[in-house]
Structures are given as C-alpha cells and as structure tokens.
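Enquirer: I would like the entire structure built from these sequences, with the hints used as guidance.
Those letters in the sequence shown? Residues 474 to 985, by this note's numbering.
Derived from the structure by calculation, the hints contain no laboratory data.
Okay, the calculated beta carbon distance ranges per label pair:
#1 R907 - A516: 33 to 43 Å
#2 R803 - E676: 15 to 25 Å
#3 A874 - N585: 51 to 61 Å
#4 R764 - Y495: 40 to 50 Å
#5 S938 - E882: 12 to 22 Å
#6 Y563 - L541: 26 to 36 Å
#7 S938 - H808: 42 to 52 Å
#8 E539 - K846: 34 to 44 Å
#9 E676 - A594: 28 to 38 Å
C-beta: ideal position from N, C-alpha, C; glycine also.
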Amino acid sequence: MATTAGPHPSAPDPDEFRDLGYRTVDIIAEYFEQVDELPVFPAKQQPAVEATFDEPLPETGQDPQEILNAWPEQVLPNSTHVGSPRYFGYVMGSGTTMGVLAEALAASVNMNVGGWKPAPAATEIERQTIEWVAEMIGYPTDCGGMFTSGGTMANLTGILTGLRSTAGYDTKSHGLQSGDRPGRFTIYMADHEGHSSIYRVAEILGLGADAVRLVPSHDDFTMDVDALVERLDQDEANGDVPFCVVAQVGSINVGAIDPLEAIADVCAERDIWFHADGACGAVGAILPEKRPQYAGLERANSVTLDPHKWLSIPYECGCILVRDPSAMQRSFTMHASYLEGTERTPYEGLDYYELGPQMSRGFRALKVWMSLKHLGVEGYRTRLSQSIRCTEHLDARVRDADDFVALHEPNLYLYSFQYAPPDLQAAATEGAERREAVDEYLDALNQRIADEIQLSDVAFVMTTSIHGRTVLRFSICSHRTTTDDIDRTFETLRDIGTREDATLRETFGLAV
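Expert: Here it is in structure tokens:
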C-alpha cells in the first residue's frame, strides 16, 4: 500500500524550520546592528575558549532551539569580529549581506560544483562570474578560471599550470622525478614583499622552498627587474630551469604593485610563466585613479585574487584566472567512468574538476554573483575608495605625529608604520651599538602596543616585519571603517605607547 512521504523523523517540519530560520535571521540582523561596538577580540586565552566547548559527544538529538542558543551564549562571546570597522589584523573582508544569504541558499541545494551534471546552474553561474571578475580588473574575458578556498590554493593552481605548461616534458604523467627533467625548476619573487604562500606552493609541488629565489627590491618595495634578469641569467648558467616569476599586485605589508609591464616583457622574452599574485590588491584595478599601476596585468599568464578580502565576500573565496583555458585543462584533466558515465550524452558541460585540484567543490560563486549584482562595480568602487581614504588619513596622522615613523607611501589599503618616541628616534643615529639597542627596544615596544590594543576592546592590530624591524600593520579592508575609527585607534595606540614606554625602558635598562 502506497504511503505519503513526509519529513524525515529527525528533521523539523516546514513550519518548525521557518521558525528556526526566522530566528537565525533575527540573530544575524542583530549582530550586524551591534558589530561596530562589540569588543573586536575576546581577550581570552586558549584554555578558556576550549573549556567553553568541552562537552561529550551527543548520543541523542537535541532541541534545535537550544542548539541555536549556543550561538549568542558560546560562539559570539568567543569570536574575533572581523566585520568590525576596527579590525585591522589579517587581510579579511568584512562580509556582504547578500553573501550571507547566498551561503544559506547554496547550502540548501548543496550542489557539488566539481562536475556539470551535479551542478548545472552553479557551474554556469561560476563561469559567468569568473568572466565578470576578469572584466572588472581588465583581464581577457575569454580566460579560464575558478573560485578556490583562498589565495594559497589559487597560487597553487596557477603555478602548477605554469610548471606543466613550461617544463618541456610531461610532468603530469612522469612527475618531477623523471629522467627527462632538465634541472631544478625555480620560481622568482621580490625579496621583501613576496608572499609566504609561494613557499608553501613550492613545498606542495615537491620543488622545495629553496626553489623560490628572492629578487632584490627598490626602496618602494617593488621588484628590481634588472636584478631579476641578472638572477635568471645566473641560475640558468648554473643549470637551473626558471619557469615562473611571481609579481605582487598589492603586497601584504605595504600594498606594493610590482612593475608588471616590465616583468611581462622579461617573461615573454624567455618563455617563463608570468604569475600575478593579486590576492590582496588585484581588484584595485577597478578604480580609474589606480588603473595605471596595473598596466601589464592583462599580460600575465595567471592572476590570483581573493574576493574574501577587498570584495568582502564571506569566507572562503579565492580566485584564479588563467589566460589560456586549455593550459588548465591540460594540467588537470582526468577521466573516470563514474564521473562521466560510460557514454557521453548531450546533457553535459564544463567539469570544474578538470580545471583545478579539487573534485568536490562548494557553490562559492553564488555569493560573488549575488554580491556583484547587489552592489555593482560602482558600489564596489565606492567601498574601495573609502578604504583608500582611510589609509591616506592614517598616513597623514603618522606623518603629523612626532612619536610615530612613516615607512612608506600609502597605496591601496595596507599600511605599516612604527611607534618611536622622539628621543629614541634621535638616539638611533648615535652609533651602531646605540642604534642596535634602540632597535631592539622599539621592536619590543611595538609588539607590546599591538598586544595591549588587542586586549583593549577598541581595535585589533598586529605587527609585521619591515626590513627586519617590528612595526605596526593596518589592513583597512572593512567597508565599515571610517576616518573616525582610524582616529580612535590611532589615539589608543598613542596612549598605550606612552604608557608602555614609561615602564618598559627600565626593563631594558635603556638610558635616555
């Protein structure tokens, strides 16, 4: 006897699910209303956070409403609020409202965007959105590309495509251990601002971190292309095989953009893969006033950018664009009857598992597609311009102050500087021994300032290394940040610096 199918006994019925959904949206909306004033960092040590979630494995199901209670009671109080206008730590986007809704919609259908058949709509949305992203930054729109987990996987996909395209033998079938291998494959990037993910890529590919060769930089932190040519000549003479040059397009500490046109010329002349790492800054090309810095980006063999950074897309969402789509297909194509079916049919299309390393893939494109449709390129120009204005405002505050030191001209939204009391700035010129002692002290002082402001409820700031010195670094990536937020954070840094300097000098035995 036939029976009418109903909801799974463990699943809420439609009305119960609606109640849960409405409550969830209310929780999210309330969060957005108060995120500006929440303590940015929970200021708890790891054991305390761990203890909050230390509970036995549930043997029986729990009331969904009680499960939702854990969000405001346990999760939010132990969260770092990266959507805060005063979160200046890692390069992390502040999120889009449409992206939040897109994540829920994507999860409800739960398509696997590895193949076309399990995800027709998702595949075509990704294809269209990749074309939009390429058009936005001035890259050829007939390129190949896909969304990835982040910049590291995007760099891996682009650089592996470059290796398999330029190696001169079949590395896909025979691997790096083949007797056909002509020599050690090498990768090149700027010595100061080259990103750490490139080392990880070299390690994952089996090339080893030593295969990454550092090229000297100019005073503005951009790659010295003459030095690049010299290093390529030297390595080729030693039997190495340079296959990829990585240009920074908005570097991680200072927002530097390498001379893309000149690097493109060198790579074209030598048949070397030109990879542009624009995870942080490639989308800045949508700004007319910044566009000249991006000349030559369109010539790169591959470009990475992270929509979950300056485009504010919710995590996780990186992106790789490759000028020649067939290069991606040659690098990643695979055959399996259980994926394709034993006979081909008219009902098939692009299989993204043949363009990159992932077979199972989430519907990342939906949140980019919906956010772009909501804000448009003009909306994003407004957001990016606001970030740049805030960065320039911070630079002006630093340069007007006698107890801070500017280290570079502002570009894009990444800015590094140092707190240094005036007497110590003068003392640093009084001889090598005195300078070394002052530098060591300022390293410790700036680290202390960053540590203390994280515990202040005001802002989240971290340190980085510029020419071997510990300095304060701002990533002004949030669309919520205003110049008032910059001023409030700057004055807090100054107050902490004054206070910590008064006590820390004695610890270091540093005479004034």
